[in-house]
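Just so you know, the sequences run in chain order A and B. Numbered by my numbering, the letters in the first sequence go through residues 1 to 125 in order. Numbered by my numbering, the letters in the second sequence go through residues 1 to 197 in order.
FYI, nobody ran anything at the bench for these hints, they're computed from the structure. For glycine and all other residues, C-beta sits at the position ideal for the given N, C-alpha and C. Treat the hints with caution; some may be incorrect.
Claimed, not checked - Pulled from the structure, derived: some chain A residues nowhere near chain B, Cβ distances all over 10 Å:
id	residue
1	Glu58
2	Pro66
3	Asn111
4	Glu116
5	Leu125
As the list claims (entries may be wrong) - Here are a few chain A residues that face chain B, going by a calculated C-beta distance under 8 Å:
id	residue
6	Met38
7	Asp46
8	Gly65
9	Ser68
10	Ile70
11	Gly73
12	Ala74
13	Ala80
14	Gly108
15	Arg117
16	Leu118
17	Leu119
18	Gly121
19	Leu122
20	Arg123
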Amino acid sequence: MSSHEARDPEATWRVVPVYALTRGRTRSAGEEMPIEAMVTANELADRHNPALQVEYREVLALVSGPVSVIEIGAALRVPAGVARVLVSDLANAGYLVMHLPPAAEENGRPNAELLERLLDGLRSL
Amino acid sequence: MDSVRSEAPRRAPQTTRPELVALKVLVAGGFGVGKTTFVGSLSEIPPLSTEEHMTVASVGVDDADAVPDKRTTTVAMDFGRITVDDSMILYLFGTPGQDRFWFMWDELARGAVGAIVLVDLRRVDDSFAAIDYFENRGLPFVLALNDFPNTPVFSNASVRDALVLTGDCPVLHLDAREAKSSRSALVALVEHALARA
Chain A
1 MSSHEARDPE
11 ATWRVVPVYA
21 LTRGRTRSAG
31 EEMPIEAMVT
41 ANELADRHNP
51 ALQVEYREVL
61 ALVSGPVSVI
71 EIGAALRVPA
81 GVARVLVSDL
91 ANAGYLVMHL
101 PPAAEENGRP
111 NAELLERLLD
121 GLRSL
Chain B
1 MDSVRSEAPR
11 RAPQTTRPEL
21 VALKVLVAGG
31 FGVGKTTFVG
41 SLSEIPPLST
51 EEHMTVASVG
61 VDDADAVPDK
71 RTTTVAMDFG
81 RITVDDSMIL
91 YLFGTPGQDR
101 FWFMWDELAR
111 GAVGAIVLVD
121 LRRVDDSFAA
131 IDYFENRGLP
141 FVLALNDFPN
151 TPVFSNASVR
161 DALVLTGDCP
171 VLHLDAREAK
181 SSRSALVALV
191 EHALARA
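Model the full structure from these sequences, guided by the hints.
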C-alpha cells in the first residue's frame with residue numbers, strides 16, 4: 001500500500017467533482033458489492049491500461065494485490081460509493097478478479113466455520 | 001469513448017476468487033469515546049479515513065448556510081485492517097457517530113460479524129443510540145467500557161441496569177490505547193457471535 005503514502009495530500013484535491021468521474025452514477029451496475037469486498041487486477045489490466053480513463057488506471061495501479069473497495073476510495077480520495085462504481089465498471093469489463101464475500105448464513109452473517117477461523121487467527125496474533 | 005466499457009475484452013477472464021475472505025466488525029459509540037483509538041491500536045495500517053459526501057435535510061441542524069432546505073455534508077469514517085491468516089482479512093469500521101447518519105449503518109452492518117460498542121461511563125447516554133440499533137437488528141455486540149482516567153467504578157450489573165440491556169451481550173473493560181486490551185474485546189465479540197451462530 002505504498003501508493004497511499006506516495007500521494008502528496010496538498011496536490012491531489014480534485015478539481016472535477018466526484019460525480020463527474022462516474023458520470024452521475026452513485027450505484028454500481030450488477031450485484032451489490034460490499035465496501036470491504038477485495039479486488040485484484042488480472043493479466044488483462046496491463047494490456048489495456050493506457051486506453052482507460054485516468055481514474056480507472058488509478059484503481060488498477062492500486063490493486064496488484066488484493067485491496068478493498070473502501071481502501072481504494074481512501075487512496076483516491078473519493079467516497080466509497082464512487083470507488084464502488086469505478087471498481088464495478090472495471091470488474092464488469094473483465095479487468096479485476098473480485099474476491100466476493102463467502103455465502104452467508106440466513107441472517108446474513110458469517111457462518112460458524114468462518115467465525116472459528118477468525119477466532120483462531122485473533123488469538124494467535 | 002474513453003469509457004472502460006469500450007475496452008471490454010470479448011472473452012471473460014476469471015473474475016471471481018472466493019477463497020480470500022474479508023470480514024468486518026463495527027466499532028460504535030458516542031463522539032470522543034475512543035473509536036479511532038481502538039481501530040488504531042489494532043490495525044496493521046494507519047487508520048484510514050473515507051469521506052462520504054451526502055445531502056442531508058438541515059432540519060434540526062445549526063446551519064449558517066444560505067441554502068435553506070438542503071446542504072451537502074461530509075461524514076468521515078475511519079477504518080483499519082487486520083490480516084487474520086493467509087486468506088482472511090478483518091476490517092474494523094468506526095461508525096459515523098451522529099444520529100442523522102444511521103442510514104449509513106445499514107450497509108455497514110450487513111454481513112458484519114458484530115459490533116463493539118464503546119462506552120464512556122461518564123457519558124453513558126451517548127451509547128444508547130448504538131445499543132438500540134444493534135439490539136433492534138439482532139446483530140451480536142459487546143459493550144466495552146473504555147477506562148478513561150477518573151472513570152467512576154460501577155459493577156457490571158449496575159452498568160447493565162443503567163444501559164437497560166435486554167439481551168445477553170457481554171460487558172467488559174478495556175483500554176482502547178492498548179492493542180492487547182482491544183484484541184480481548186474483539187475476541188469476546190467473536191466468541192459471543194459464535195455462541196449465537
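> For which of the previously enumerated hints does the structure constitute a violation, in increasing order of number?
Replying inline: 2, 3, 4, 5, 7, 8
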